[in-house]
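Build out the structure end to end from the sequences listed, making use of the hints.
2 protein chains.
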Amino acid sequence: MAKILSGKEVVAVLNEQLAQRAEALTQKGVTPCLAIVRVGERPDDIAYERGATNRCTKLGIAIKNFLLPEDASQQDLLDTIAEVNEDDSIHGCLLFRPLPKQFDDEAIRNALRPEKDADGITNGSLAGVFAGTDQGYPPCTPAACMEILDHFGIETTGKKAVVIGRSLVVGRPAALMLTSRNATVTVCHTKTIDMPSITREADILIVAAGRANIIGKEYFSPGQVVIDVGINIDENGVFCGDVNFAEAEPIVSAISPVPGGVGTVTTSVLAKHVIEAAEKRV
Amino acid sequence: MAKILSGKEVVAVLNEQLAQRAEALTQKGVTPCLAIVRVGERPDDIAYERGATNRCTKLGIAIKNFLLPEDASQQDLLDTIAEVNEDDSIHGCLLFRPLPKQFDDEAIRNALRPEKDADGITNGSLAGVFAGTDQGYPPCTPAACMEILDHFGIETTGKKAVVIGRSLVVGRPAALMLTSRNATVTVCHTKTIDMPSITREADILIVAAGRANIIGKEYFSPGQVVIDVGINIDENGVFCGDVNFAEAEPIVSAISPVPGGVGTVTTSVLAKHVIEAAEKRV
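Chains as they are written, first to last, in numbering that gives the first Met the number 0: chain A, 0 to 281; chain B, 0 to 281.
Quick caveat, the hints were computed from the structure, so don't treat them as lab data. Careful, some of the hints might be misleading.
It does not matter which identical chain is used: a pair holds within one copy or between any two.
[Claimed, not checked] The calculated lysine-lysine pairs, modelled on DSBU-like cross-linking and capped at a C-alpha distance of 30 Å, are:
# : residue 1 : residue 2
1 : LYS159    : LYS279
2 : LYS63     : LYS2
3 : LYS216    : LYS159
4 : LYS216    : LYS7
5 : LYS159    : LYS190
6 : LYS279    : LYS100
7 : LYS100    : LYS159
If you want it as structure tokens, here you go:
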């Protein structure tokens, strides 16, 4: 019987702290504010926007929406980001990506000021994750994994951590963040040979494989802490992670569920970054 | 009897190619040019400057020296970097660091245009290493490790690589570069528990521990390729690496020596970056 690392528990404690910090800012005359920049009407983006807006509003964070049509030009979006940069009432910015094909993603990302980069997309934020400094902000998903570890008091120093996945938004930043937290980190990916023999050695296993239920019992060993970053819909239309939960749970000592795990925490992390950015301004 | 991964062999082949590329550029009316910016008179900097200048001059790369006094101000150095940025005849820049204490390192580093960042110090270059893209240039030392692997035809895909050290200039970028080259990479450091049990599992071991002869026989196993990044002077005043060469060499299948290994290759890598930057401009 593994301990269930419930995202709801993390969020309950985190949100209480964040609401207090937002209130303290408001009393100083600064209402923390998130700009949400969306190009087009992709359903995933709209769903995440709704979740982020609800979360932020409940915490006392204002939202400014910037909506551009699907066929907007590079210059239109650069103008929007310039507006976000120059508006002193805005502390953080969420820009939905991937962008439609007409955009130069690199130029767009780096037009945003790192100090407003609440979702960790600029080179300045990447450099901060790389170096383990507080420049910019890390991407919200790996930061949510760290929040879960912190909340449940899971020590990382001297531990063996294995990250499955080497993406720019999850695997690589999660590995660097764990290295900065003194874990001995191994990154596995599609070219890794005999991955289960590596993951079974982990004390902490972060799974961002990107395929439903793909990580089965041969990947686990007793005593492990497993954080499942995957969000998939299985053949029965049910939400599931990258980990085969039914196989993992009897073996490991702790595991984050899907739904109700990492995904639950990301919008609170986004809110945390906005509040931190506002606090730095005061 | 391990194969000796001689830096001289790598450099001989690399320099021949680079001289041809520099000549081709010169025939097109573009002489590749490196700016060397030095603050103060630190002997290590002066020694490296001499080596880099000799190497570049032999390859047909021009050098422009910018020398500032030890007590130069932040603005003096920013002005110098602006001059480097604006001078179209300069393709790459080497800036010696660490800088004296009066400087804001972050602001100085990022004042340089990433396309002239031949030594990989800007956030743009870090982001390129992070993402495995060709934005900016990687730091010369981990890039020299990759040159050695490439020269001797050492396959990285699917191999287990272990990096000892998590510094910003060697360990972390080397790990990310090996991940981009499809190795399964583990980063060890001072907080790693039972490091020898981890390094013995490596197919490729990159050692940047920063202490003379510290990595002894218990760290190695047969069949390994070892790249020693360390440059130290032992108690007898002799150059040595971080690896105890006498203990490692009988066990492993290939090893880079110190001196004559990675350190021999770094100035050629710097020259390569300058030539690449000039080629991108043509």
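Please write out, lowest number first, the hints stated earlier that are contradicted by the structure. 1, 2, 7
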